[in-house]
Amino acid sequence: MTIRLNGEPYEIAGPVTISALLAALNLDPRIVAVEHNIVVVKRHQYDATVVREGDEIEIVRFVGGG
Amino acid sequence: MTSDPLIIAGRAFRSRLVVGTGKYPSNAVMADAHRASGTDMVTVAVRRVNLSDKSKESLIDYIERERIFILPNTAGCYTAEDAIRTARLAREVGLSNWVKLEVIGDERTLFPDNVALLEATRVLVAEGFVVLPYTNDDPVICRKLEEAGAAAVMPLGAPIGSGLGIQNPNNIRIIKDQARVPVIVDAGVGTASDAAIAMELGADGVLMNSAIALAEDPVAMASAMKLAVEAGRLAFRAGRIPKRPHGSASSPPEGRIAAAAAAAGGRTGA
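Order-wise, the sequence lines are chains A and B. In terms of this note's numbering, the first sequence opens at residue -6 and continues consecutively. In terms of this note's numbering, the second sequence opens at residue 109 and continues consecutively.
It is worth saying that the hints were derived from the structure and are not from the lab. One should not assume that every hint holds.
What the hints assert, rightly or not - Result set (SDA-like, lysine to any residue): computed pairs, CA atoms no more than 25 angstroms apart in a straight line: (1) Lys35(A) to Ala234(B); (2) Lys131(B) to Gly57(A); (3) Lys35(A) to Arg173(B); (4) Lys35(A) to Glu235(B); (5) Lys35(A) to Arg230(B); (6) Lys35(A) to Arg196(B); (7) Lys35(A) to Asn244(B); (8) Lys131(B) to Ile52(A); (9) Lys35(A) to Gly236(B); (10) Lys35(A) to Val233(B); (11) Lys35(A) to Leu203(B); (12) Lys35(A) to Ile168(B).
Said to hold, decoys possible - Restraint-style ranges between C-beta atoms, simulated for each label pair: (13) Asn19(A) to Asp325(B): 35 to 41 angstroms; (14) Arg173(B) to Gln38(A): 38 to 44 angstroms; (15) Asp21(A) to Asp112(B): 37 to 43 angstroms; (16) Arg143(B) to Gly47(A): 34 to 40 angstroms; (17) Gly184(B) to Ala41(A): 27 to 33 angstroms; (18) Pro22(A) to Arg175(B): 20 to 26 angstroms; (19) Asp285(B) to Arg(-3)(A): 46 to 52 angstroms; (20) Gln38(A) to Glu172(B): 27 to 33 angstroms; (21) Ala6(A) to Arg175(B): 42 to 48 angstroms; (22) Arg(-3)(A) to Phe219(B): 38 to 44 angstroms; (23) Ile5(A) to Gly257(B): 38 to 44 angstroms; (24) Arg173(B) to Asp40(A): 23 to 29 angstroms; (25) Glu49(A) to Asp325(B): 53 to 59 angstroms; (26) Arg(-3)(A) to Arg122(B): 30 to 36 angstroms.
In this text, a Cβ means the ideal position worked out from N, Cα and C, and glycines have one as well.
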């Protein structure tokens, strides 16, 4: 299926949970935050939240700033 | 000097200097500069994970989290909606509900959009955030932000990254006079005297990034800023003398060997 990940089309076999998506991307869930169709997903909901065809996902982290 | 913590929303900070984490030559230099500055609160930005290059070291590993509180910002947001989304994401990364709220209204000056800022402050306060808005040096908007529930107000000294120093000292003084929440001068500091001036005006703290990070020697500048903030704070608490247009001798006029001549001319020296 194709999702929109950080503004770009992204191919992944799905549907997948947020947990599985982060694992596939090799991202440490403790240092990122995830938005699923404009709604922030709480960490304890990563296993229960399912990403489907066409969904929009944003994954962010902290970077240097003022 | 007795303990003089900066207290925001019930949380005490030993240092009145808030430092950024952007633009340093390296993360190692940043960590040294943070140590030299004595800060116990640093700002960070929220950005998309770079999916093509995940090898980059994590900023967080270079922040002494047991000693330093992390304040996420909403830098780069141009609408209330984007700032609110960014704040919600930041809360989820950082596991704290504090946010330095920025809603930029003009790309060239980076001046805030006060209308959107006020709107975003209301929404985030209602969601339980501790909101520290970066704002213009305007007493009216600062009062409105405070009424909207801001935990502090953060008027700019000059445009972000400009290094121009405190452009409108009188406004900073007025903002401090009326505020019942801490006032933190955020942006515009170029060198140590600028930070000292902000504190002498009565600001409760100073927030800076570029002045330290882009200095030729960021660690030395961080030390200078620590001293400047402390000196300015001490001077403010000590109570400065009033300004006067003419001289006033420090040494006694009586007993001078040339007293007769001076009396004739009416002059006294230092």
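Verification of the supplied hints:
At most 25 angstroms may separate the alpha-carbon atoms for a hinted pair to count; Lys35(A) and Ala234(B) meet this at roughly 19 angstroms. Note on Lys131(B) and Gly57(A): the hinted pairing holds, with a Cα-Cα distance of about 7 angstroms set against a maximum of 25 angstroms. Note on Lys35(A) and Arg173(B): the hinted pairing holds, with a Cα-Cα distance of about 22 angstroms set against a maximum of 25 angstroms. Taken as a hint, the Lys35(A) and Glu235(B) pair is honoured in the structure, with Cα atoms around 15 angstroms apart against an allowance of 25 angstroms.
Among the hinted pairs, Lys35(A) with Arg230(B) is consistent with the structure: their alpha-carbon atoms are about 22 angstroms apart, no more than 25 angstroms. At roughly 10 angstroms between alpha-carbon atoms, Lys35(A) and Arg196(B) fall within 25 angstroms of each other, so this suggested pair holds. Restraint check for Lys35(A) and Asn244(B): not satisfied, since their Cα atoms lie roughly 34 angstroms apart, outside the 25 angstroms limit. Under the criterion of a C-alpha separation no larger than 25 angstroms, the hint pairing Lys131(B) with Ile52(A) is consistent with the structure, at around 23 angstroms.
A C-alpha spacing of about 16 angstroms is found between Lys35(A) and Gly236(B), which places the hinted pair at or below 25 angstroms, so the restraint holds. Restraint check: the Cα-Cα separation between Lys35(A) and Val233(B) comes to about 19 angstroms, which is no more than 25 angstroms; the hinted pair holds. Taking the CA atoms of Lys35(A) and Leu203(B), the gap is near 10 angstroms; set against the 25 angstroms cutoff, the hint holds. With a C-alpha separation of about 20 angstroms, the suggested pairing of Lys35(A) with Ile168(B) holds against the 25 angstroms cut-off.
Checked against the given bound of 35 to 41 angstroms, the beta carbons of Asn19(A) and Asp325(B), roughly 37 angstroms apart, stay inside it. Between Arg173(B) and Gln38(A) the beta carbon distance is about 25 angstroms. The supplied range of 38 to 44 angstroms is therefore violated. Between Asp21(A) and Asp112(B) the beta carbon distance is about 39 angstroms. The supplied range of 37 to 43 angstroms therefore holds. Checked against the hint of 34 to 40 angstroms, the pair Arg143(B) and Gly47(A) fails, with Cβ atoms roughly 48 angstroms apart.
One distance hint, 27 to 33 angstroms for the beta-carbon pair Gly184(B) and Ala41(A), holds here, with the actual separation near 31 angstroms. Checking the proposed 20 to 26 angstroms range against Pro22(A) and Arg175(B) shows it holds: the Cβ atoms sit about 25 angstroms from each other. Checked against the hint of 46 to 52 angstroms, the C-beta distance between Asp285(B) and Arg(-3)(A) comes to roughly 50 angstroms, which is consistent with it. The hinted window of 27 to 33 angstroms between Gln38(A) and Glu172(B) holds, with their beta carbons roughly 31 angstroms apart.
Evaluation of the 42 to 48 angstroms hint for Ala6(A) and Arg175(B) yields a pass: the beta carbon distance comes to about 44 angstroms. A hinted range of 38 to 44 angstroms is violated for the C-beta pair Arg(-3)(A) and Phe219(B), which are about 32 angstroms apart. In this structure the supplied range 38 to 44 angstroms holds for Ile5(A) paired with Gly257(B), their Cβ-Cβ distance being about 41 angstroms. In this structure the hint that Arg173(B) and Asp40(A) lie 23 to 29 angstroms apart at CB holds, the actual value being about 26 angstroms.
A C-beta distance of roughly 44 angstroms is found between Glu49(A) and Asp325(B), which places it outside the suggested range of 53 to 59 angstroms. In this structure the supplied range 30 to 36 angstroms is violated for Arg(-3)(A) paired with Arg122(B), their Cβ-Cβ distance being about 45 angstroms.
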